[in-house]
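There are 4 protein chains.
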Amino acid sequence: MPKTVFSVDLKKAPEQQAIKTHNRWHPDLPMVETFKPGDVFRVECYDWTGGQIGNNDSANDVRDVDLTRVHYLSGPFGVEGAEPGDLMVVDILDIGAFPESEWGFNGIFAKENGGGFLTEHYPEARKSCWDFQGIYTTSRHIPRVRYPGIIHPGLIGCLPDHKLLAEANRREAALIATDPERVPPLAAPPHAATALMGQMSGDAARKAASEAWRTVPPREHGGNCDIKNLSRGSKVYFPVYVKGGGLSMGDIHWSQGDGEITFCGAIEMAGWIDIGVGLIKGGMAKYGITNPIFKPSPIDPHFDDYLIFEGISVDEHTGEQYYLDAHVAYRRACLNAIEYLKKFGYTGEQAYMIIGTAPVEGRISGIVDIPNVCATLAIPTAIFDFDINPNSTGPTRQVSGVDVARTT
Amino acid sequence: MPKTVFSVDLKKAPEQQAIKTHNRWHPDLPMVETFKPGDVFRVECYDWTGGQIGNNDSANDVRDVDLTRVHYLSGPFGVEGAEPGDLMVVDILDIGAFPESEWGFNGIFAKENGGGFLTEHYPEARKSCWDFQGIYTTSRHIPRVRYPGIIHPGLIGCLPDHKLLAEANRREAALIATDPERVPPLAAPPHAATALMGQMSGDAARKAASEAWRTVPPREHGGNCDIKNLSRGSKVYFPVYVKGGGLSMGDIHWSQGDGEITFCGAIEMAGWIDIGVGLIKGGMAKYGITNPIFKPSPIDPHFDDYLIFEGISVDEHTGEQYYLDAHVAYRRACLNAIEYLKKFGYTGEQAYMIIGTAPVEGRISGIVDIPNVCATLAIPTAIFDFDINPNSTGPTRQVSGVDVARTT
Amino acid sequence: MPKTVFSVDLKKAPEQQAIKTHNRWHPDLPMVETFKPGDVFRVECYDWTGGQIGNNDSANDVRDVDLTRVHYLSGPFGVEGAEPGDLMVVDILDIGAFPESEWGFNGIFAKENGGGFLTEHYPEARKSCWDFQGIYTTSRHIPRVRYPGIIHPGLIGCLPDHKLLAEANRREAALIATDPERVPPLAAPPHAATALMGQMSGDAARKAASEAWRTVPPREHGGNCDIKNLSRGSKVYFPVYVKGGGLSMGDIHWSQGDGEITFCGAIEMAGWIDIGVGLIKGGMAKYGITNPIFKPSPIDPHFDDYLIFEGISVDEHTGEQYYLDAHVAYRRACLNAIEYLKKFGYTGEQAYMIIGTAPVEGRISGIVDIPNVCATLAIPTAIFDFDINPNSTGPTRQVSGVDVARTT
Amino acid sequence: MPKTVFSVDLKKAPEQQAIKTHNRWHPDLPMVETFKPGDVFRVECYDWTGGQIGNNDSANDVRDVDLTRVHYLSGPFGVEGAEPGDLMVVDILDIGAFPESEWGFNGIFAKENGGGFLTEHYPEARKSCWDFQGIYTTSRHIPRVRYPGIIHPGLIGCLPDHKLLAEANRREAALIATDPERVPPLAAPPHAATALMGQMSGDAARKAASEAWRTVPPREHGGNCDIKNLSRGSKVYFPVYVKGGGLSMGDIHWSQGDGEITFCGAIEMAGWIDIGVGLIKGGMAKYGITNPIFKPSPIDPHFDDYLIFEGISVDEHTGEQYYLDAHVAYRRACLNAIEYLKKFGYTGEQAYMIIGTAPVEGRISGIVDIPNVCATLAIPTAIFDFDINPNSTGPTRQVSGVDVARTT
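Chains as they are written, first to last, in my numbering: chain A, 1 to 408; chain B, 1 to 408; chain C, 1 to 408; chain D, 1 to 408.
Some clues are possibly wrong.
Identical copies carry no separate label here, and so any pair may be met within one copy or between two of them.
Claimed, not checked - Below, simulated DSBU-like cross-link-like pairs (lysine-lysine); rule was C-alpha separation at most 35 Å, straight line:
# : residue 1 : residue 2
1 : K243      : K36
2 : K281      : K12
3 : K342      : K207
4 : K342      : K235
5 : K11       : K342
6 : K20       : K343
7 : K111      : K243
8 : K343      : K235
9 : K343      : K281
Hint data in this document are derived by calculation from the structure and do not stem from the laboratory.
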């Protein structure tokens, strides 16, 4: 087992840990430790809410979660010799849950506190809890599905430099300025009050916190990409912006569908990640890199039988035609899948959470046929213990009497 | 070999065929022939331009193509007993090129005539021609790639009813009205002048042509979905809107990447499709169906090694931040892939056409992390005859001296 | 379509063709035509019996087949520059049935005329006929299974030289000599009476026929390997023994399980093969090659859900323990699978033919644990239109009233 | 984490453990614990030699291993309600190494002490040690290969009843009697001296030990099947012979090729297995079961690019022709692969150990074409960090200066 270089104690709040986590991105965050290319180490991580959500049957905690206090990241870690313009080669060697915490949660956020992809349809807080049994997971809240994990960090990347920091702050502020009162908001601007700045302290920390990125979106450095295929066994090439690189990670997902549509979003868990690091000197220019690139894992779950739903970019409520809008098209594909699954007895929330957490594939199938995008959502049929394929007699009710957790 | 129920003669223009094609969708198009559930038949199809593009080294024909005269569809075919609300079960049993025409083309349309996904970057007409050698294709215009076909109809669906016809015309007209002079236009409204209305004639045909759908976008009935996985061996469930159903198809693609990003778009070809038909009575209500659903083929090309590019929803020119815009994010992923491939010597147009035609996967990976979507483009590494993976020494020039066809 | 360089007329017997086939291997067979590296051509082939078996409901033709008159091969074809010690690189680009002959057959040979893997259990002649519908096949004799083709030449290879010819004749004669009267025989020695020697004639043909190899077994040059994964899209590297190489092929299979256990054996058909040729000069020594090596096709049917049967090397009748005998272990795995499938209503012969023709995988799982080999047979569950997985209520009868063709 | 119901302390010899292991199969072995259907539990296991082999650079321990003292099994475990004739449904939920012991070994046994599949070619003791880094393994003794684990118990099964015990003892004794002095021996008869009989003691243990099965071969109950695909995530259906079933397991493999050809055989390790149990009452008769059947895992490593070697049943030394002998054919395929890999600089022993430990596929491709079986060995090309495919320039030396461990 590689040496654990970042520990978390789930019994303590993130703020009370021996090694401080950070929940913002900033160029000046000091390295926790620096490694040589070829080194391997273990990093422990909080779940993305830092323990705000419990393994119980009430969604009150999902409703009340403080979204400025999330993404408690472990790191940053340096690599010797890493300089701006390099690529840091990161082997995600393995990921697992803690033995004492082999469960995860999926939540639908309330529209007024985060929302989600289908927040207009499912505006209220809901939760499902998932137990892990070896490579598989099941939920007491959503019966008759079981799937293998595609375990990955929702959030991983190197530190930005000051130039990139400023540029993203600029563009996101400009977006917010177009509709500052929107609920949910258009973007998440710096918010010093709840910032954890890792090993920084005092005035430096306060100053940095006032300009540090929130962790919500992915950006050029990686970050909260929520790509389910950055899974254990994958290899990622991250752009390096600061000396040492500064790799941080967190927000571990047991499993997630493409899009992470429920926002809280995957089967979220605390756990550990084994990491190997290397360098490609000058790799950004050599390969023309702007965003991270990666290679997938040979042990991602594989399925060959799928039922695939199409969606087009027409609003489901108003009938408004959108212009080549893949967001709307994918939403329609998701809604179509939910409608289908409801015919077997699932509630809408259960179906929403299934396609949010199972390893479904979301594709941009056609994006040039004005004015409609055609997006597709592919559900592996083997995750159900009954046959979901269409037949001439029609669906039979397979699920009843159980639902996801509500607020109380 | 199943009976050929729709023949095309590639030596004649579509307008001169014995059985008339149609290039519009309309509820009143008469059935060419009606089959029983369980029947199997062969349908011949023009390439989508009806022969406007030649197997040569000039892109003039791509520049000059008349986009109101495209999508010469074969059909519509009825199924006995099909009524509105049913699902027509369509087995796409096999697809092939004509022995005398084993080639296809890919085109980048000029910005002023159709454009494409990256039209701001590649605004001029270009063309590549592709030869088929058994299950594989290669191009004299784009060296050192070879891939197996994932042959599919870009366009297939059942006839809409009058209500759906009117509704889509309404919503698309409303969209156009927001910017009627835009180049390329926002949508393609009815255009009677160049309409071919199949077996209709006289006043009825003229009247229908004035309201018939253009074939450009996919809609609720299917249509121009351009889903590469509607491939030979797949099974599709189409909503039925009119008595008999009225299944039509065309626009055969030898291969295409997710998104069909060059717009002309796949490796386009003429050919034949073997179809089997069945029915699920009342299937739309039974399964809550709005758009077609389908199951993929067991012989789609399979690859396990990919190089995957990420993109986020920030404009590449202005740095403008878009709000959860999967269109922009996928464009950035595509541009990132092109930039990478150029390091091996490909021109931008060659790289654009590779990811437009090869069986790349385009995913909506994260769509809730405000304000950035994270989209990914996965390129199977095995389509190149050299190693495209990153390494510490950097890329070497593998391609030179050849380019795609330009206008002359 | 590549130029057809070898035509067969299914209405004529093989002996009456314009270009003569050969049904023996001999170094002196003249090349039909010689190609340059890089050339592509089409080769038409008889079914392996040269038309002895009919698409009907009697197994009399299987019972009466003349097994010295089989494997009518198309070729040999030369490659310019090929010399002994080279590797001929053969791209199997595509394979198909003739439009007028889209069917195939599977047969169980009578024990006294060929037998098969399970001839002690199924000693009587039986036949099933299979119709091709696009990429799929079904049989009127074996209901409720449908599978995609994994089309391949059962028999393909380059000509042996005189040394290899003599050596294999020696070793096979020595084997026969250990039990010359055995039924079925231990090997198939030269048999001039029914030999077709291609373009040879007169005394030379007669002399060669007396020593030419029968085509039954695979040997160092390839030959009747019956490897289902030498399928369309694969690439094979054949040892070259004579100047020009001399590539011949035939015995096309629509589909087959690993082992080709019924002996007549796959879904057998006539058809065409598109071939591309190349050379690796001195490749045998460079790579230490004794037998052909190959790379599989990207469009082989892919399944992820299998039901897998084990077998060990203990005789099913006598209980005799064999020593690390993979033949016996695989037979037991096959018998176990048949017994299982019979619980759903299949007759033993139907089940035998299913695992003989479907793309099942036969593995040598453990071969060192004295005295038992563990062999496994993996059946893709998706080939059935009902669920064959075990469950707590037990199997239900899904098939009845139909059986394979018997003798009359 | 499920409750650990069987612990092993790697610092103590198997004979000194708190809970006694067993290294023989016998119907009277008392259950360690009995579970309800639906229960899940963790079982710790020794490596198959019980710690005889060290993580060092000498093969002396492999040379000297006592093969009567191997397969220290953990169990037997009962399932409530299990009776003879039932099927015990076993979910192999997950498997892992102990944190303090993340390594494994592969050995070639000396011919005079166990031997192996290629013992005539590689008669001397050799060893390679493998380190685990997350899902991957590498060896300091065999450079430039890295593969993901396909972790599985080499040995798992339910207790036999007295009838099966006696029958297998009879047949194996009869085999041994045909050549009692053979080295290696033909089978492994009961051997009381080194028997560990679990919870049995005293006279009962001594009596049982004198007739108890050695664990070497797989038999009808499962046992030492060494099937690499009984991996974490698979589901196995075991025949039940005694009340309670009595499931035992051990001999964990990190990875193995089909055949486990080096005999010591896989990458062998100590570790833990998470098991879920269920029952199908009367399942043996319902489904006609003689040997276990199973369903594979969705996370087995998947590869699409292979280089595949053929072999036929002709002895490599004598040129003797064997009759449909899959053992000889597979040996030839393995030897062909080794010869090929040696061209890149590997020693024969390194190449032998690569195909013994990597997830290679060994197939019985054709088994009816008298007198030759055609067996194939498929090596995933991605396990090497250089290109092993044939090309026109020939192989280049990629490996040198390192070899597997020898005796000292």
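Evaluation of the provided hints:
In this assembly of identical chains, the alpha carbons of K243 and K36 lie at most 35 Å apart only when taken from the same copy (14 Å versus 57 Å across copies). With identical chains, the CA atoms of K281 and K12 are never at most 35 Å apart, being 40 Å at best within one copy and 48 Å at best between copies. With identical chains, the CA atoms of K342 and K207 are never at most 35 Å apart, being 51 Å at best within one copy and 42 Å at best between copies. In this homomeric assembly, K342 and K235 come within 35 Å of each other (Cα to Cα) only across copies, at 22 Å, whereas the closest approach inside a single copy is 38 Å.
Taking identical chains as interchangeable, the C-alpha atoms of K11 and K342 are never at most 35 Å apart, the minima being 39 Å within one chain and 51 Å between chains. When the C-alpha separation of K20 and K343 is checked against a cutoff of 35 Å, the pair qualifies neither within a copy, at 48 Å, nor between copies, at 41 Å. Neither within a single protomer nor between protomers do K111 and K243 lie at most 35 Å apart by alpha-carbon distance, with minima of 40 Å and 43 Å respectively. Taking identical chains as interchangeable, the C-alpha atoms of K343 and K235 lie at most 35 Å apart only when they sit on different chains, with a minimum of 21 Å there against 40 Å within one chain.
Only between protomers do K343 and K281 lie at most 35 Å apart by alpha-carbon distance; the minimum there is 16 Å, versus 55 Å within a single protomer.
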